[in-house]
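Using the sequences plus the hints, can you model the full thing?
Those protein sequence lines, which keep their order, are chains A and B. Heads up: the first sequence begins at 1 in our numbering, then just goes up one per residue. Heads up: the second sequence begins at 1001 in our numbering, then just goes up one per residue.
A few of these clues could be false.
As the list claims (entries may be wrong) - Here are some chain B residues pointing at chain A (derived, C-beta under 7 angstroms):
id, residue
1, G1157
2, R1213
3, A1215
4, Y1216
5, G1225
6, N1226
7, V1228
8, A1229
9, I1232
10, A1233
11, G1234
12, G1292
13, R1293
14, S1295
Since the hints were derived computationally from the structure, they do not count as laboratory data. Beta carbons are placed, not taken as given, at the ideal position from N, Cα and C, and that holds for glycine.
Below are the chains, spelled out letter by letter.
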Amino acid sequence: MSVVDQLPGGIPNRGEVNTDAPIMLECVDLKKSFGGVPVLKGVSLKLEQGTITALSGENGAGKSTMMKIASGQYRPDEGRVLVRGEELPAGNPNAAHALGVAIVPQELASVLDTTVYENIFLGRERRRFGFLDRRRMIREATELLDDFGVDIPATARMGSLPVGLRQIVEIVKATSTGARVLLLDEPTSAIAEREVARLIGIMRRLRDRGVSLLFTTHKMEEIRAIADRVVVLRDGGLVTDAPLSTLTDDDIVTAMIGRELEDLFPERPEVRDETVLTIDELVVAPSGAPVSLTVKRGEIVGLAGLVGAGRTELIESIFGTRPVLSGTITINGERLRPGNPAASIAAGVALVPEDRKGAGAVLSMNILQNGTLPRLGQFSTFGWLKGRSRTAAVAKSMESVRLRSRGLDQEMETLSGGNQQKVVFARWLTADVNVLLLDEPTRGVDVGARSEIYRIITSLAADGMAVIMASSDLPEILSLSHRALVLRGQAVVGELDRDDLDDPGVQDRIFRLASGMTSHTKGATHD
Amino acid sequence: MTDTKTPAPAGQGTGAASAGAASVAPTGVRRFSGRWFGDLAIRYAMVIVMLLIIAFFLYRSARFGTPENLTTILIAAAPFALIALGQTLVILTGGIDLSVGSVIAVAAVYGSITAKAFPDNVWLAVVTGMVVGLIAGSINGFVVSVIKVPPFIATLGMLTAASGFAYVAGNGAPITGLPASFSSIANTQILGLTLPVILMIVGILGFAVIMRRTAYGMRVYAVGGNPVAAQIAGVKVGRTLFSVYAISGVLAGLSGVMLASRVTLGAPNLGQGYELDAIAAVVIGGASLLGGRGSIWGTALGLLLIQTLNNGLDILTVPAYWQDVIKGALIVTAVAVDVWSTKRRP
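Spelled out as structure tokens, the structure:
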């Protein structure tokens, strides 16, 4: 018997929600808190056989927690999970696996030095006379891959595959062990567009075989492309659970953001009529178009676009960590020496980078040391670190962002994500900042700390900084910025003023600009 | 949450800290309890091991505790101390300098040649040794920071090449017939201590201050802790990396000349294998080979631990081969204790 035959048999219902289909997975009134903060506040959910359900919501809405409970990784405080009517022992991933629930996590756990077939058969190696039967494993793995229409050799090394294919190998592995419920946590967040199409094809194929899929996303286009049913979580509660066909995009977005939008974001500060930053015909990538931009005191300019559109590159070039190919940057009338972070810092440029742990802070050092680092010159005389004035200045700037810590000598490593991000902000505030560059300022920060960070951003702008903020979080761009630029392929493809940003159709418009699906690029600055 | 507080970092004036950070830092109240003692034991595990070893040798040998023997330990430690200081800086940046043993040899040979040529001006020999070390260290620094060859490989190359140079310079034979003025360098007495011992003490104190109290020290820690974050904070990462290898080279050069002066011989095999003892001292002292963590005091402690052990085992006439076995076990044990205690640390 071929392994393919062992795959769950199909009920070909092609995307139609069949109300008679058996319930494969049922979550009943799940509640979960972390450290007293409720993350799930009683969520119930049913997955029918052969359907794809999108689990949607903002960062911190409780999507990942929900999945981890359903796959037995977390134990719920209250509520239970039923797999085909059978109750899942709480917090037991092996039991979930045995009942046919598999999860493909956001951060893949593949062993990169192994081959594809070794990975697929990891933990259930085929043996012959006690020895590994590699030939059989390769044959069976090849059959499985062919079956999914994946054209990679079973002997390829995992590390040599792009992330998207590694993910597909993980899916093949999960389903070949007999999974009937497949949970995919942010499957498209780390993979290229071409690979998204392949992933979608595979998800459809699994659905046609009767597998129930639940995937988390906050991208409208993915929901439109494959979901049969949409479940939206907000602040740990379920706000929408309906077939896709009954929902409009606006319904879903409103459900995701809710009233929260007004509560979460503070008012935008007044823009002063004084230009701080002037970027003239700046080219940062060989394939890119020149970018020109001026930012005034108090102004927040949002940079929208997909991953790889050139937002980070633009920000890094202004800061000096990336070389500039041509064009000029001027701050308060002074030409900036490009490619030199120290010169940029001296000119009053500050950067809060995207990857907080990897780039923002030195985790092995304490708050005082991290707070000193960007302005070592200011805090030392002839190379000798100052004592009191340095401590006082860092303490003051940390206080200004309301950092919660045990003291300035607490190591960064032991702070929460939100507090780490506050240190990364506040360490610049020991001297005047003219231009504040933010790259995904709230990624990986919980909702509570996010609103605090928004307040920090707007109050810094109100103090007279010119702010450029790259973000993948559209509500962030829509609510905080005075203006937004949309980037694609290292070029500005659209500029939206405040009226545009208040337009109800703006999300769709930004998406179209960012993905290049449209011709109505009103106000495009490149030619 | 426990209530023992780590000592405030350098430069943190307590007045300013508690006034400025009042809302930020509720100062822990120190409570004397069994728990407190346990934390203390964890934090100072290495010191306790050191004291136990000393107690053991004192108990087993009457000679161990004499002032003469203490001097012997310090004199033996001195050449290791200089290279261990440089090695600490390199390891703090996440690198390693395998070449210091060979640099000692080249510096010793060239220093001896210079001393022979200018017997009336032997300080020239010291300068020569340090310049030779600076050249070797600068090449290491350049290859690591500009060409971006991994430090292990770059300095492994230098280890081999410099050793070759030491033999080439002396045509394969040691430089003998050195003037008495040269051998007197290492025997210069200041306050009853010989020059190499003075250099060791000054070096440890000096670098301890540099690493805690200067902008340079902070840059070294930052580059080792997270080079990307350091770059974004405006630290010139390449320049910092270059500097630690250059410093390591200069200190190895100085160590080489002192060693040659002490033994009155410019032997091309001087310093052979010293890099491993220096690395061991740094690691026993609690530094992480991944960079960003470690201290000069830790290295000094690790160095004294190794030298005390060498000395004590010699006095107890433990065979040399067994000494190596014991030293090897100590290195692993020390790091295991450190890993264990770091995990337990609040």
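Verification of the supplied hints:
Checking G1157 of chain B against chain A by beta carbon gives a least distance of about 27 angstroms; that is not within 7 angstroms, so the hint is violated. Checking R1213 of chain B against chain A by beta carbon gives a least distance of about 5 angstroms; that is within 7 angstroms, so the hint holds. Given hint, A1215 of chain B at the interface with chain A, holds; its Cβ is 4 angstroms from that chain's nearest Cβ, closer than 7 angstroms. With its C-beta approaching chain A no nearer than about 6 angstroms, Y1216 of chain B sits inside the 7 angstroms limit, and its interface hint holds.
With 7 angstroms as the threshold, the beta carbon of G1225 of chain B comes within range of chain A, its nearest partner Cβ sitting at about 4 angstroms, so the hint holds. At its closest, the beta carbon of N1226 of chain B sits 4 angstroms from a beta carbon of chain A; the interface hint therefore holds under the 7 angstroms criterion. This hint holds: V1228 of chain B has a C-beta 4 angstroms from the nearest C-beta of chain A, less than the 7 angstroms allowed. Proximity of A1229 of chain B to chain A holds as hinted, the smallest CB-CB distance being about 5 angstroms (cut-off 7 angstroms).
With a least beta-carbon distance of about 6 angstroms to chain A, the hint placing I1232 of chain B at the interface is held under the 7 angstroms criterion. With a cut of 7 angstroms, the hint placing A1233 of chain B at the interface with chain A holds, because the nearest CB-to-CB distance is about 4 angstroms. Of the supplied interface hints, the one on G1234 of chain B holds, with its beta-carbon coming within about 4 angstroms of a beta-carbon of chain A, less than 7 angstroms. A least Cβ separation of about 4 angstroms between G1292 of chain B and chain A falls short of the 7 angstroms threshold, and the interface hint therefore holds.
Interface hint at R1293 of chain B: satisfied, since its Cβ lies 6 angstroms from the closest Cβ of chain A, which is below the 7 angstroms cut-off. Hint on S1295 of chain B is violated. Least Cβ distance to chain A is approximately 12 angstroms, over the 7 angstroms limit.
Figure legend: structure checked against the earlier numbered hints; hints not met, in rising order: 1 and 14.
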